[in-house]
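The primary structure of each chain is shown beneath.
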Amino acid sequence: MRTNLKWGAVALILAGAVGCRQDMHDQPKYIPLRPSSFFDDGRSARPIPAGTVARGHLEADTAFYTGKDANGNYVDGFPFAVTKEVLLRGQERYNIFCTPCHDRTGTGNGIVVRRGFRHPPSYHIDRLRQAPNGYIFDVITNGFGAMQDYSAQVAPADRWAIIAYERALQLSENATLADVPAAQRAQLGAQGNALVIQQEAR
Amino acid sequence: MSQIFHHSSNALARVTIFGGVFILGFIGWAGYQLDASHYATRQEVPRDQPVPFSHAHHVGGEGFDCRYCHTTVEDSSFANIPPVKTCMNCHSQIWKDSPTLEPVRTAFRNNGTIAWVRVHDLPDFVYFNHSIHVAKGVGCETCHGRIDQMPLTRQFATLRMEWCLDCHKNPAPNLRPHEFITKMGYTPAGDQEEIGRRLMAENQIQDARHLTSCSTCHR
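Residue numbers (the working numbering), protein chains in the order written: chain A, 12 to 213; chain B, 430 to 648.
FYI, nobody ran anything at the bench for these hints, they're computed from the structure. Where hints are given, some of them may not hold.
Straight-line Cα separation of at most 30 Å, DSSO-like style, residue types lysine-lysine; simulated pairs [to be verified]:
1. B:Lys-612 x B:Lys-598
2. B:Lys-612 x B:Lys-514
3. B:Lys-525 x B:Lys-612
4. A:Lys-79 x B:Lys-565
5. B:Lys-565 x B:Lys-612
6. A:Lys-79 x A:Lys-95
7. A:Lys-95 x B:Lys-612
8. A:Lys-95 x B:Lys-565
9. B:Lys-525 x B:Lys-565
10. B:Lys-525 x B:Lys-514
11. B:Lys-514 x A:Lys-40
Stretch-level coverage of chain A by chain B, calculated; a stretch enters the list once three of its residues show a Cβ under 8 Å from a Cβ in chain B [as the list claims (entries may be wrong)]:
12. 34–46
13. 51–64
14. 106–119
15. 183–189
Derived CB-CB ranges, DEER-like [claimed, not checked]:
16. B:Gly-619 x A:Phe-91: 17 to 25 Å
17. B:Asp-595 x A:Arg-140: 21 to 29 Å
18. B:Glu-608 x A:Ala-92: 39 to 47 Å
19. B:Pro-479 x A:Asp-190: 46 to 54 Å
Quick caveat, the model's predicted, so the values are computed rather than measured. Backbone N, C-alpha and C fix where the C-beta goes; we use that ideal spot for every residue, glycine too.
Go ahead and model the full structure; you've got the sequences and the hints to work with.
This is how it looks when you write it as structure tokens:
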């Protein structure tokens with residue numbers, strides 16, 4: 012009799028535990044990535060309605076957000092000072108978003124290209140060395156030919172940082188000994204060519 | 430007067446008194462094991478997806494960085510799943526006729542989405558935030574394992590409270606320099622104890638009392 016009672020109690024507790032779980036686990040609220048049964052397209056994260064501006068997204072500074080000045084000409088120069096931090100940030104972002112196709116040095120032999128994607132031009136051709144910064148900004152923002160746009164993946168400030176790093180890559184591919192500060196020349200080794208800088212960029 | 434209890438009741442009484450402790454203990458232990466088992470935590474169980482997306486191909490094979498797709502992971506509480514537009518960056522040209530990618534192309538044409546099956550799912554009463562972990566030097570690999578070797582995505586950690594607490598008590602052994610955050614197969618260059626101590630100070634990691642207090646994760 013006693014044992015029966017005890018087993019009964021244990022069974023009751025276990026049965027209770029089964030019922031415990033899910034209510035507080037799956038609360039009826041939207042969290043990121045949770046689908047919605049209310050909207051037709053099933054998305055709980057709603058697209059921005061046409062003609063509205065989200066807080067903090069006025070983007071009044073056209074040069075910063077489009078790479079073009081008020082007359083629609085590409086700007087040259089940078090909207091902020093290019094410091095070492097900016098270059099390092101640019102290097103990191105470039106390696107994440109651009110190397111799959113443009114590769115680490117910018118010659119356009121990235122792994123996706125080797126898998127059959129259209130071969131992009133090298134950054135080191137004259138046309139792209141002379142292109143204004145605003146033009147490259149525009150390519151990243153709106154895409155170019157076979158290259159899709161990266162406006163959703165790369166924030167505007169990071170696009171400028173990437174451009175700064177691209178400029179550094181272009182310099183490194185065409186650098187001479189004279190470009191190296193005298194104090195650092197010893198580090199270049201016996202050949203004294205640009206190879207070492209180039210390798211650092213890799 | 431005849432005896433109510435038969436002589437054998439003595440044995441039964443002893444068994445229930447001593448055995449009861451062990452039986453209850455065993456039930457408790459079995460319950461814990463069941464709750465921590467892969468069956469309950471859904472650890473290491475690959476989920477079938479509408480498109481057989483493979484991290485082993487994209488990360489292991491091609492070497493893409495996590496942040497190419499999971500762009501918000503550094504500055505948001507959650508890591509986004511890439512929209513089909515991101516897939517089309519490459520698959521507009523490569524594997525562009527592959528039948529496995531048909532759902533991606535259809536969704537792209539119709540401005541739609543792919544309903545990926547969730548792999549990780551913390552209960553709603555837990556607050557988790559990616560950005561703080563990534564900013565303070567916990568690598569993806571520490572919590573998600575060798576994603577670059579997974580043909581279908583699986584959950585690597587138990588996601589039980591004790592898993593979070595084990596690290597929050599002393600994060601030092603799990604910290605790495607920021608440039609290796611997304612690196613898979615990372616090995617510390619030097620003594621991890623020293624690197625950990627340095628990063629704890631550099632990243633100003635708060636003390637264990639704050640990190641293990643209930644309201645840090647249940648808010």
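For each hint, the structure was consulted:
no., hint, result
1, B:Lys-612 x B:Lys-598, "24 Å, holds"
2, B:Lys-612 x B:Lys-514, "25 Å, holds"
3, B:Lys-525 x B:Lys-612, "29 Å, holds"
4, A:Lys-79 x B:Lys-565, "37 Å, violated"
5, B:Lys-565 x B:Lys-612, "15 Å, holds"
6, A:Lys-79 x A:Lys-95, "25 Å, holds"
7, A:Lys-95 x B:Lys-612, "23 Å, holds"
8, A:Lys-95 x B:Lys-565, "22 Å, holds"
9, B:Lys-525 x B:Lys-565, "39 Å, violated"
10, B:Lys-525 x B:Lys-514, "14 Å, holds"
11, B:Lys-514 x A:Lys-40, "27 Å, holds"
12, 34–46, "holds (count 9)"
13, 51–64, "holds (count 3)"
14, 106–119, "holds (count 4)"
15, 183–189, "violated (count 0)"
16, B:Gly-619 x A:Phe-91: 17 to 25 Å, "35 Å, violated"
17, B:Asp-595 x A:Arg-140: 21 to 29 Å, "53 Å, violated"
18, B:Glu-608 x A:Ala-92: 39 to 47 Å, "23 Å, violated"
19, B:Pro-479 x A:Asp-190: 46 to 54 Å, "53 Å, holds"
Checked against the numbered hints given earlier, this structure breaks hints 4, 9, 15, 16, 17, 18; the rest are met.
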